[in-house]
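There are 2 protein chains.
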Amino acid sequence: MSVLIVGSTALDSIKTPKAENPRLLGGSASHAAVAASFFGPVNLVGVVGDDFPQRYIRLYERHGIDLEGLQVLPGKTFHWSGEYELNMNNRRTLKTELGVFETFTPTLPAAYQTTPFVLLANIAPALQHHVLDQMRRPRFVVADTMDLWLKVALQDLLKLVKRLDGFVLNDSEAQQLTGEDNVFRALKKIHRLGPRYVVIKQGSHGSILSGPHGLFLCPAYPLRQVVDPTGAGDSFVGGMMGYLAATKGPIDRHIRRAMTYGSVVASFCCEGFGLQRTTRVTRAQIDRRVKELERLTRF
Amino acid sequence: MSVLIVGSTALDSIKTPKAENPRLLGGSASHAAVAASFFGPVNLVGVVGDDFPQRYIRLYERHGIDLEGLQVLPGKTFHWSGEYELNMNNRRTLKTELGVFETFTPTLPAAYQTTPFVLLANIAPALQHHVLDQMRRPRFVVADTMDLWLKVALQDLLKLVKRLDGFVLNDSEAQQLTGEDNVFRALKKIHRLGPRYVVIKQGSHGSILSGPHGLFLCPAYPLRQVVDPTGAGDSFVGGMMGYLAATKGPIDRHIRRAMTYGSVVASFCCEGFGLQRTTRVTRAQIDRRVKELERLTRF
Chain D
793 MSVLIVGSTA
803 LDSIKTPKAE
813 NPRLLGGSAS
823 HAAVAASFFG
833 PVNLVGVVGD
843 DFPQRYIRLY
853 ERHGIDLEGL
863 QVLPGKTFHW
873 SGEYELNMNN
883 RRTLKTELGV
893 FETFTPTLPA
903 AYQTTPFVLL
913 ANIAPALQHH
923 VLDQMRRPRF
933 VVADTMDLWL
943 KVALQDLLKL
953 VKRLDGFVLN
963 DSEAQQLTGE
973 DNVFRALKKI
983 HRLGPRYVVI
993 KQGSHGSILS
1003 GPHGLFLCPA
1013 YPLRQVVDPT
1023 GAGDSFVGGM
1033 MGYLAATKGP
1043 IDRHIRRAMT
1053 YGSVVASFCC
1063 EGFGLQRTTR
1073 VTRAQIDRRV
1083 KELERLTRF
Chain R
793 MSVLIVGSTA
803 LDSIKTPKAE
813 NPRLLGGSAS
823 HAAVAASFFG
833 PVNLVGVVGD
843 DFPQRYIRLY
853 ERHGIDLEGL
863 QVLPGKTFHW
873 SGEYELNMNN
883 RRTLKTELGV
893 FETFTPTLPA
903 AYQTTPFVLL
913 ANIAPALQHH
923 VLDQMRRPRF
933 VVADTMDLWL
943 KVALQDLLKL
953 VKRLDGFVLN
963 DSEAQQLTGE
973 DNVFRALKKI
983 HRLGPRYVVI
993 KQGSHGSILS
1003 GPHGLFLCPA
1013 YPLRQVVDPT
1023 GAGDSFVGGM
1033 MGYLAATKGP
1043 IDRHIRRAMT
1053 YGSVVASFCC
1063 EGFGLQRTTR
1073 VTRAQIDRRV
1083 KELERLTRF
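As they're listed, the protein sequences go chains D and R.
Position one of the first sequence corresponds to residue 793 (this note's numbering), numbered consecutively onward.
Position one of the second sequence corresponds to residue 793 (this note's numbering), numbered consecutively onward.
Bound-form chain D, shown alone (with noise of 0.2 Å):
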């Protein structure tokens, strides 16, 4: 079945201590959708301007990516700077460029309306609502968020919130909306604003499942060395909802191997600047570090 992902697609240009790397393919739409592409067909829902690369659009094709929802508007791509120290963890924005973002109205294709699993990715709660309000019946839908939407729009983000399936935040803005700095405790009371599944991420930690077969604890595959950890979140999402989407069953029984392989795809994503070591991965290497993880894992 297909996944449709509706989130920022973007230019990134990212500072680490080691390398500069200008207007690189970014977005939780982007990184969320090769993500899932991996695993079957997906719908991407985005807005680029008038000087987006060509080269990033046959990237998207070339991962099967269907783009009648990709809106190409008058105006500049949304552009983000941001700078990494040296330990990979503390992040920086520089910049913020909305660009034709400002005005962004997701409107669907009627071939979209139907797909049967849904990624809101990070973007504007109203604008995952808006999405929302245009399916049929899906049958799973998630929505990733940030810190930032938790200050800005935290009514909109709680209405969008009851509406979901499955919620994915990381530890530090499930304390932030919670106020619990207990993950296990912030599971709970996110439960209680509605979603049946709750993920927490936690970084080179891995990510917690909390849902109603009770809890998982998804590990994080081991990496040597992270290159740029821009968008392992929706890597992670996306590779999830992507395995999930290609499963046949119920969502339970497939769940945490979906999880699983999201955080191998961030693994993957965690090793290049922006999508570069993602759009080299094969089907074939994530499902060798699958099994790895579950050979590290075993006791």
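Incorrect hints may have been included.
Intra- or inter-copy, both count: the list cannot distinguish identical chains.
Listed below are the simulated BS3-like cross-link pairs for lysine-lysine, each with C-alpha atoms no more than 30 Å apart in a straight line [what the hints assert, rightly or not]: (1) 981 to 810; (2) 980 to 943; (3) 1040 to 1083; (4) 807 to 980; (5) 943 to 807; (6) 1040 to 954; (7) 981 to 807; (8) 1083 to 981.
Because the hints were derived from the structure by calculation, they are not lab data.
Guided by the hints, dock chain R onto chain D, whose structure is given.
Relative to chain D, chain R alone:
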């Protein structure tokens, strides 16, 4: 088989935002010995003053811990006071009174010198050396340490590490020792110092083993409430060594499960002040949490 445990035997006065508990039984050897005692016989090597409460002697005895190696000397027992902040991660030492510990020389009873498993729990590296000097061909020697010794006794510690089969330390100590903020690169560097097995503890994120058969990502048991994390690391390594000593066959076949048992004992330790919760736990409760961890990590 037996495990010999040397380390500190202390009185701990622990303050948290919610409570204050004076003169609890504490010290690295006390926590490790109680943790190991769930699995088999333990020989304890340590020193206490003549102010050491008789009820703590009885507590050791109830756990079947052999006390021939516990010296009782005229003077005061080592007394540590510390305070935890609200999130239980930051600890501040308020007072350290060494007492009889100041001049402690661990002399092993003859019967202890052939103990096959040796745990050099956190204590000055010179004392760890001294204990090891008295051992006759132990089968498996593991040491734990703390940041203090990396600062004030690094050369002693590096010499000790050469003599070990296994070395256990936490993530910030590993970074301090190797200058590596990546835990997997740190593991590699620590192997070069000597030990075949290196375990890096990551608190509530679990621990990582690097051994002859590669890595193992050991989960932490999910706790909704941490009452007092003092001694959790000692409980972890004590439980691990106790389980290993009680198990037939090669170390490699059992060390992953041993770590998981250590992790579970540490989880109980965190649920009460000092040893209050650990000393009320049964082997059956420990087994149940290990089984639960198996379910929580399977995918």
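Since the copies are identical, ignore which copy is meant and state whether residue 980 and residue 943 lie within 30 Å (CA to CA) inside a copy, between copies, both or neither. within (21 Å within a copy, 41 Å between copies)
Have a look at residue 807 and residue 980 and pick one of within, between, both or neither, based on CA distance no larger than 30 Å. between (37 Å within a copy, 28 Å between copies)
Up to 30 Å between alpha-carbons, please classify residue 1083 paired with residue 981: within, between, both or neither. between (33 Å within a copy, 26 Å between copies)
State whether the alpha carbon distance between residue 1040 and residue 954 is at most 30 Å within one copy, between copies, both, or neither. within (26 Å within a copy, 53 Å between copies)
Check residue 981 against residue 807 for me: Cα-Cα at most 30 Å, and say if that holds within a copy, between copies, both or neither. between (36 Å within a copy, 28 Å between copies)
How would you classify residue 981 and residue 810 at a CA-CA limit of 30 Å: within, between, both, or neither? between (40 Å within a copy, 22 Å between copies)
Measure nothing new, just compare the shortest in-copy and cross-copy C-alpha distances for residue 1040 and residue 1083 to 30 Å and report within, between, both or neither. Result: close both inside a copy and across copies, 20 Å intra and 29 Å inter.
Status of residue 807 relative to residue 943 across identical chains (alpha carbons, at most 30 Å): within (26 Å within a copy, 34 Å between copies)
Checked against the numbered hints given earlier, this structure breaks none of them.
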